[in-house]
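There are 4 protein chains.
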Amino acid sequence: MINVGVLGATGAVGQRFVQLLAEHPWFNLTTLTASERSAGKLYRDVVKWRLDVPFPEQAGDIRVSPTGVSSLKDVDLVFSALPAEIAGGIETACAEAGLGVCSNASSHRMDPDVPLVVTELNPDHLGLIDVQRDRGRDGFIVTNPNCSTIVMTLALAPIRDFRFTDIRVATMQAVSGAGFEGVPAMGIFDNIVPYIGQEEEKMETETLKIMGTLDGSTVRPPSFRVSASCHRVPVLDGHTMAIWADIADPVDKVREAFLNYTPSVPALPTLPEKSVQFFSEPDRPQPRLDRMRGRGMTVSVGRLRKGIRFIAMGHNTIRGAAGASVLNAELISTKNYL
Amino acid sequence: MINVGVLGATGAVGQRFVQLLAEHPWFNLTTLTASERSAGKLYRDVVKWRLDVPFPEQAGDIRVSPTGVSSLKDVDLVFSALPAEIAGGIETACAEAGLGVCSNASSHRMDPDVPLVVTELNPDHLGLIDVQRDRGRDGFIVTNPNCSTIVMTLALAPIRDFRFTDIRVATMQAVSGAGFEGVPAMGIFDNIVPYIGQEEEKMETETLKIMGTLDGSTVRPPSFRVSASCHRVPVLDGHTMAIWADIADPVDKVREAFLNYTPSVPALPTLPEKSVQFFSEPDRPQPRLDRMRGRGMTVSVGRLRKGIRFIAMGHNTIRGAAGASVLNAELISTKNYL
Amino acid sequence: MINVGVLGATGAVGQRFVQLLAEHPWFNLTTLTASERSAGKLYRDVVKWRLDVPFPEQAGDIRVSPTGVSSLKDVDLVFSALPAEIAGGIETACAEAGLGVCSNASSHRMDPDVPLVVTELNPDHLGLIDVQRDRGRDGFIVTNPNCSTIVMTLALAPIRDFRFTDIRVATMQAVSGAGFEGVPAMGIFDNIVPYIGQEEEKMETETLKIMGTLDGSTVRPPSFRVSASCHRVPVLDGHTMAIWADIADPVDKVREAFLNYTPSVPALPTLPEKSVQFFSEPDRPQPRLDRMRGRGMTVSVGRLRKGIRFIAMGHNTIRGAAGASVLNAELISTKNYL
Amino acid sequence: MINVGVLGATGAVGQRFVQLLAEHPWFNLTTLTASERSAGKLYRDVVKWRLDVPFPEQAGDIRVSPTGVSSLKDVDLVFSALPAEIAGGIETACAEAGLGVCSNASSHRMDPDVPLVVTELNPDHLGLIDVQRDRGRDGFIVTNPNCSTIVMTLALAPIRDFRFTDIRVATMQAVSGAGFEGVPAMGIFDNIVPYIGQEEEKMETETLKIMGTLDGSTVRPPSFRVSASCHRVPVLDGHTMAIWADIADPVDKVREAFLNYTPSVPALPTLPEKSVQFFSEPDRPQPRLDRMRGRGMTVSVGRLRKGIRFIAMGHNTIRGAAGASVLNAELISTKNYL
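Chains as they are written, first to last, in numbering that gives the first Met the number 0: chain A, 0 to 337; chain B, 0 to 337; chain C, 0 to 337; chain D, 0 to 337.
Just so you know, nobody snuck in bad clues.
Anything over 12 Å on all C-beta distances counts as not near chain D; from chain B, calculated:
1. P24
2. E35
3. G39
4. K40
5. G59
6. G67
7. M109
8. T212
9. I246
Within a straight-line C-alpha distance of at most 35 Å, the following computed DSBU-like cross-link-like pairs (lysine-lysine) qualify:
10. B:K252 - D:K47
11. A:K273 - C:K47
12. C:K252 - A:K47
13. D:K273 - D:K305
14. D:K305 - B:K40
Some chain C residues close to chain D (C-beta under 8 Å, calculated; not the full set):
15. S228
16. H230
17. T239
18. P286
19. R308
Derived from the structure by calculation, the hints contain no laboratory data. Heads up, the beta-carbon is just placed ideally off N, CA and C, and yes, glycines get one too.
The shape of chain A in the complex, shown without the other chains:
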């Protein structure tokens, strides 16, 4: 068992981390950090638990530490659910102090020597950890992409060998993506907000890093481009997206690729039976019905039409955030980085 902690354990993504780690077979959750105000109190007394799954009572007994490297003496690996504004420095300090950091924050995603990893898609990018070590760092930072980028790239994984030069994606994103307090009801009830700050930029740049080729110490981007239009919709969980990939091959061949997809990763506790589930029904996937497939870790794909057009949907706070990070950590644990 590897002792692990969560930085920023009381927020929306932090709670998901706690839920996924509370009974994890490989990881022993010992440390939870939050703001100074909460430090010293029991987790159960400071967290306002808002997931619709029962509160993990054993995590409730953990005494919360202040967010910082000095709170992490007993752990080997730490998950970061910190907001981007403060994540950068703290994560660097942790890595310098010898810790493995699996971060959901955007701060280090585009750093040249920080792997930006979707477990099924580019596990080899973990090789960048060696680059970090070569320049004297004891620990390391590994990041996972933005929630909508994860859903899209995983949906593209089965068809990445078809050549495409242009990806266009229109997202319909759930309110949980902005955190518990992020979207006021008055702003989104009976409404759509056709703007999410920095989201389009993240989809357009992160995708190229993830789907690039690790070449020595750098990632060479692929030759295609991504053009995103991102929209908030009145849905609680699950990001849905319409994707155009200009593949010349016939629809049948593309369908086959979706149906036959098996990622080249070892068995991992959080890896779902199917990373990508293909639907033949004309009206699927739907976020409310399909977001919990594979315990929230499966990306659902459907409505494949010539174009090539299709729909992808995945749970944004599980597969698109905490679950993606935990899956990366599991993969790292099978290698010799800790």
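Using the hints, position chains B, C and D against chain A.
Positioned in the frame of chain A, the structure of chains B, C and D alone reads:
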């Protein structure tokens, strides 16, 4: 004053027609038809009024007639809010009997000699009425497009002189588009349904007819293509759509075109002050805040980005259905067709 | 293992029955009935599965039978999810043919010799089965109450020994209570409908039967009265209700009764750890957060204030329908009625 | 024309005040105040307009002042949309400085010499202004009740002559009641929150003051009691409530009272044609369909049943806040207080 009637006056679109015609300055609403079951009763006693504007009491006093040409002796012009399954034959019979028919049904939209008109966009297509007359028809049929097609084409009107070869559009469509009973709450609450029957086909074919060139007795389609992905979202009224138009010109020139747009149509009672309103705010248009601009007749456009990408939004049962039909009828009234 | 069937297996409640019975430790689900149109086909091919839990694949292999007693030769016990309009006759025929019938339909609920049972509350009412048998019936019918009645009466169970003369209840009921197609989105989005047909009457009469005293062959009603006001709200699952019970005792004593409640029933597979969960938090229970407690079988209670006023909430299609019926069947199985 | 101002003009209630006053026939809106941060800028540049009615352009040209008595030199009457935390002192200072203050804040509502007025219900309570003046105050403070209290008391106005000893009310309150940012979407989507801080206390105490009798310089409360249970529901605007009033008279007599109600107030610009509208339809009133009756100033009542039970519904930010205050100010203007 021209005496007018509404075919199918009790449904969602029918009620919108009644609302728009009840106090119309040029049209005198005398006839409302519905199913046999309702015939003979007062409109107020058979309609289950579900608009959030007050019931037009004067229309309530009209005695409902059975749907058919024999009920329309006193009118010169009839609006059709009939479902496509029955609209075709009845509308033809009306036109043969000498009536002008302005139809929101899809039955005749793609008939070669039936104009498919968005008033601001292709008023000249009304010339096809002469083609109908040349083959011996006393009356005529004029149609308006599908609701999402209207919003998109009107949003494209200001920039149609830029050359584009490919239009891609991802829609987020309101539940009212399916009629009052069309979408069960259990199907769309906290959900998205990425499929609307025949909607993508309509957007892809109707757009080419509307934006085509009338050449003698036929409409020559433009050279661009349309690829649509249509989705139902939990919004009551207002279709929002993300549009990509592959225009090479810089964003500033395109913005200018949106800002300077004035359609070449005479002043008409239902014509809004602005047919297309351009927003500079980063998070607009939004359906709940903007759908009632221009009393529901304005299409709002915003988030113009390089690509060219932008957002369009319009009220689907007013601008996208009944209002579009009434506006067409007003234009027809200024010519010599009645 | 007891062979069981479900009458009306494709609707909202029918699907819940199938979900709960597919892997039941005591019941072997062998028979599913539906309309003539579906008969002869595999369940997976006729059901439009709309629960947000995975489809039970083993049930999918069952070939659907037409709804009627002749389809039930191999079962000893049948669950009825039929609509009230047709349930009455079919259920009687089944009981006459020797089958045990556990029905969620309202048809026989108020029949004098049919037990109307909430397992934890009035298990002794099953004694009415003997009354049915005494008049020559081979099988029997046992019913569970209306969904909102179940939630309220179970919430009253811990405090039934306090004397109250008047119960007032205002419900806020989920749309799933009307079936998948029962409530159009246009009717309930951003809205409340302050009327549910026959719901108030059911709460007012069924409560008195359940909470009455079995006295020989009849149930003697209690002396209190119930006054209900029932309202549909835009919530998917979970009926919430504000209850006033005119108890003179202090709030502390009532709280204690809620906290100490343990029903007098044997351990049953579907019985939750807590039938009634009491919340001290000021803003609980909430349907989205609490409806799945006890796998949907726990009724949550909170906001206890002088008056005595409190809030009760329970999952309407699990605890309030299929789950209640299955729990009753489990209790019956522990006795000698099958 | 009377020059008026609005304290706290950028918030939810402040925007409603601006909307109602921008084209008022008696009041000339000259002054808008907000926080220091906004002071000195044009209203159009600091307000994030979120109403679904067009922004009043003439108000947009007003230069915002800091909130305080020194900003109000040019006005005779000021409307307060301040939060309760800061309203108390500022309103007192304004009144001492000779201004008339019509406040929607709760700070002074229960002060013995401050009238708490629903225009149609207790206009005579304005007599308390004289009590304020007798103790040397140049100006005055008049308050309107909490939003849900206004809807309930106005619904009780037509039947106040029937004797009741107990009122029980269960509310289903819209999210706009908590301000634009008050309720996160994650907290209320597909959910009910059975708690609104201080709301029940306000309904229980304010009602007794409004419906009390002015006796010299004090208000004598009526003999009945109010017991409230308040709940937040996923509705944008419009508070709905189920009310029990223990009236012994038959339902028909009560219905007649509702139908015949005419308040004893002079014609005022904001007074709707019907202050209380009675519905005979079994499923009305409904917030989405009925909240804008009387331009948001009508309270709708229906589902009258023995008990006496009935449903009341009114627009919470118009009739329940800004509109109530403006109506009070209009009544005051017809008297000699300014």
